[in-house]
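**Student:** Sequence:
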Amino acid sequence: MLIFIVAISSGLAWLLGSGMRPMIRNAFAAFHEPGAGMSQAAGLTSEDKPVGPSEPVTSIMNEPKSRAARGKSTSRPVRIIVAMTGATGAVLGIRILEILRDMGVETHLIVSRWAAETLRYEGNYSIKDVKALATFCYAHNDAGALPSSGSFQTDGMIVVPCSMRTLSAIRTGFADDLICRAADVTIKEHRKLVLVARETPLSPIHLANMLALAQMQDVIIFPPVPAFYTRPKSLSDIVDQSVGRMIDMLGLESDHFPRWNGMDPSKA
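Going left to right, the sequence shown walks through residues -19 to -1, 1 to 249 as mature numbering (1 follows the signal peptide of the UniProt record, and there is no 0) numbers them.
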């Protein structure tokens, strides 16, 4: 036993002495040599090194989270997720897509199964035409789509119109489809989430869900209540005013509706 211990001790002494000394010296030099990396430090040959691009790769994970933070330092456009559910008010979702397109905003559209039915029922809208208004479109059950990951940078999300079923799922984190998952990601990444809640009258359950969401950072409950101080002359005027305020909530600026400029004595 004593002979075995002596042999082991002698072997370790040799490794830590003459055997390991050149390897340690080379690794230390590699880490301090400009341009050297882990491959050289570990003693990898050119055949062993991972193959990668010769030019630097720009990752979207390095992009700032908001347009204000980005400034002019990147060419990425403002990016908004637009989700439409089966609640009544499909025209609101269509109009916001039109205005965001006119503003040059990159939109990522998710249409639920019942939203597609509502589109046809409320105005004979073609789902194909609605999707054409968006920059990108995704199936509502595509769990692997870009909006399902927090590493995919966006500047916010709006669910318009937002059914009470979807609002309830978002409140509880029940991400059973891409709309709810994208909303869940938006909340956890502290990005703007606007929920255009479309229901009346409201039950205690609806109100409790809305209160819980409204108390979360960056979540805005936006019932599409029309404003009449603008003296709208058509349904389009009412829609534009409501949609314009939704865009405000996303931190963007729109000039598609008249803003309050103080009381006009001539109209009093």
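If you're looking for bench data, these hints aren't it; they were derived computationally from the structure.
It cannot be assumed that every hint is accurate.
What the hints assert, rightly or not - In silico DSSO-like cross-links for lysine-lysine, where the CA-CA straight-line distance does not exceed 30 Å:
(1) K169 to K214
(2) K214 to K112
(3) K112 to K169
(4) K173 to K109
**Student:** Each hint: holds or not?
**Tutor:** Results of checking the hints against the structure:
1. K169 to K214: Roughly 41 Å separates the two Cα atoms, so the pair is violated.
2. K214 to K112: Between K214 and K112 the Cα gap is close to 29 Å, so the pair holds against 30 Å.
3. K112 to K169: Cα-Cα ~27 Å, so holds.
4. K173 to K109: holds, 28 Å
The earlier numbered hint that this structure contradicts is number 1, and it is the only one.
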